[in-house]
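Position one of the sequence shown corresponds to residue 1 (the numbering used here), numbered consecutively onward.
Treat the hints loosely; a few may be bogus.
[Claimed, not checked] As a list, the in silico SDA-like pairs of lysine to any residue whose alpha-carbon atoms are at most 25 Å apart:
1. Lys83 x Arg50
2. Lys83 x Gly47
3. Lys83 x Phe19
4. Lys26 x Leu46
5. Lys83 x Leu46
6. Lys26 x Asn84
7. Lys26 x Ser15
8. Lys83 x Arg98
9. Lys26 x Leu96
10. Lys26 x Glu13
11. Lys83 x Gln53
12. Lys26 x Asn81
13. Lys26 x Asn73
14. Lys26 x Pro36
15. Lys83 x Glu13
16. Lys26 x Pro80
17. Lys83 x Leu66
18. Lys83 x Asn27
19. Lys26 x Pro37
20. Lys26 x Val92
21. Lys83 x Asn73
22. Lys26 x Glu86
23. Lys26 x Arg50
24. Lys83 x Glu14
25. Lys26 x Tyr40
It should be emphasised that the hints constitute simulated quantities derived from the structure, not laboratory data.
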Amino acid sequence: MPPPPFTLIMSSEESTQIFDIVSYCKNCGQCSLTCPPHFYGLFNPLGVIREVQMGNLQEAITNQSLFNCLTCNRCMTYCPNSKNGEGMNFAVLMRLLREYAHNHQVPIKNSTNPPGLCTLLSYPDKNTEISEKPEILLSLTDI
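Using the sequences and the hints, build the whole thing.
Encoded structure:
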């Protein structure tokens, strides 16, 4: 069953922060090319950025793949417009979108990573604080 509809009400401070971040993106796609979940079709960083750039904040926030981002910062490492956390800071963008979803109780189905995803997509600097939802099972054959 799809989540119930909600009305997006965002303060000007919240929306300004979000739009300031995505204004640095030139849509080169490096973020998606280096994103581990993107390899498996679980997340598309550039897709989230484009939704925000087009003003579709509601779509960006309710998209269940919002929580498939591992916040590993690989996208920022390879982004030509992100240097030392300045410019296109995808980690901050994800934090802001997730905080909004949490603070406003936005209905998002399956809003955690499936168990084993961090192991499946392991890399040295992974964020180990990402929650996993045990009732969602994922194997390589499912992808």
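Hint check:
At roughly 20 Å between alpha-carbon atoms, Lys83 and Arg50 fall within 25 Å of each other, so this suggested pair holds. Under the criterion of a C-alpha separation no larger than 25 Å, the hint pairing Lys83 with Gly47 is consistent with the structure, at around 21 Å. Distance hint between Lys83 and Phe19 is fulfilled; the C-alpha atoms sit about 18 Å from each other, no more than 25 Å. Taken as a hint, the Lys26 and Leu46 pair is honoured in the structure, with Cα atoms around 10 Å apart against an allowance of 25 Å.
Between Lys83 and Leu46 the CA atoms are separated by roughly 18 Å; this keeps the pair inside 25 Å, and the hint holds. Between the alpha carbons of Lys26 and Asn84 the distance comes to roughly 18 Å, so the proposed pair stays at or under 25 Å and holds. A C-alpha spacing of about 19 Å is found between Lys26 and Ser15, which places the hinted pair at or below 25 Å, so the restraint holds. About 23 Å separates the Cα atoms of Lys83 and Arg98, which keeps this hinted pair within 25 Å; it holds.
With a CA separation close to 20 Å, the supplied pair Lys26 and Leu96 stays within the 25 Å bound. Pair hint Lys26 plus Glu13 holds up; C-alpha atoms about 23 Å apart against a cutoff of 25 Å. Distance hint between Lys83 and Gln53 is fulfilled; the C-alpha atoms sit about 20 Å from each other, no more than 25 Å. Our distance criterion of 25 Å between C-alpha atoms is met by Lys26 and Asn81, whose separation comes to about 8 Å.
Annotation: proposed proximity of Lys26 to Asn73 holds, straight-line Cα distance about 18 Å (limit 25 Å). Distance hint between Lys26 and Pro36 is fulfilled; the C-alpha atoms sit about 21 Å from each other, no more than 25 Å. The straight-line distance between the Cα atoms of Lys83 and Glu13 is roughly 23 Å, inside the 25 Å bound, and the hint therefore holds. A distance of roughly 9 Å separates the Cα atoms of Lys26 and Pro80; the hinted pair therefore holds under the 25 Å criterion.
For the hint pairing Lys83 with Leu66, the CA-to-CA distance comes to about 23 Å; that is within 25 Å, so the pair holds. Of the pairs offered as hints, the one joining Lys83 and Asn27 holds, with about 16 Å between alpha carbons and a cut-off of 25 Å not exceeded. A hinted pair counts as satisfied when its Cα atoms are at most 25 Å apart, and Lys26 with Pro37 qualifies at roughly 21 Å. Restraint check for Lys26 and Val92: satisfied, since their Cα atoms lie roughly 17 Å apart, inside the 25 Å limit.
Among the hinted pairs, Lys83 with Asn73 is consistent with the structure: their alpha-carbon atoms are about 12 Å apart, no more than 25 Å. A C-alpha spacing of about 15 Å is found between Lys26 and Glu86, which places the hinted pair at or below 25 Å, so the restraint holds. Among the hinted pairs, Lys26 with Arg50 is consistent with the structure: their alpha-carbon atoms are about 10 Å apart, no more than 25 Å. Simply put, Lys83 and Glu14 have alpha-carbon atoms about 22 Å apart, close enough for the 25 Å limit, and the pair holds.
Between Lys26 and Tyr40 the CA atoms are separated by roughly 24 Å; this keeps the pair inside 25 Å, and the hint holds.
Hint check: no violations occur; every hint is consistent with the structure.
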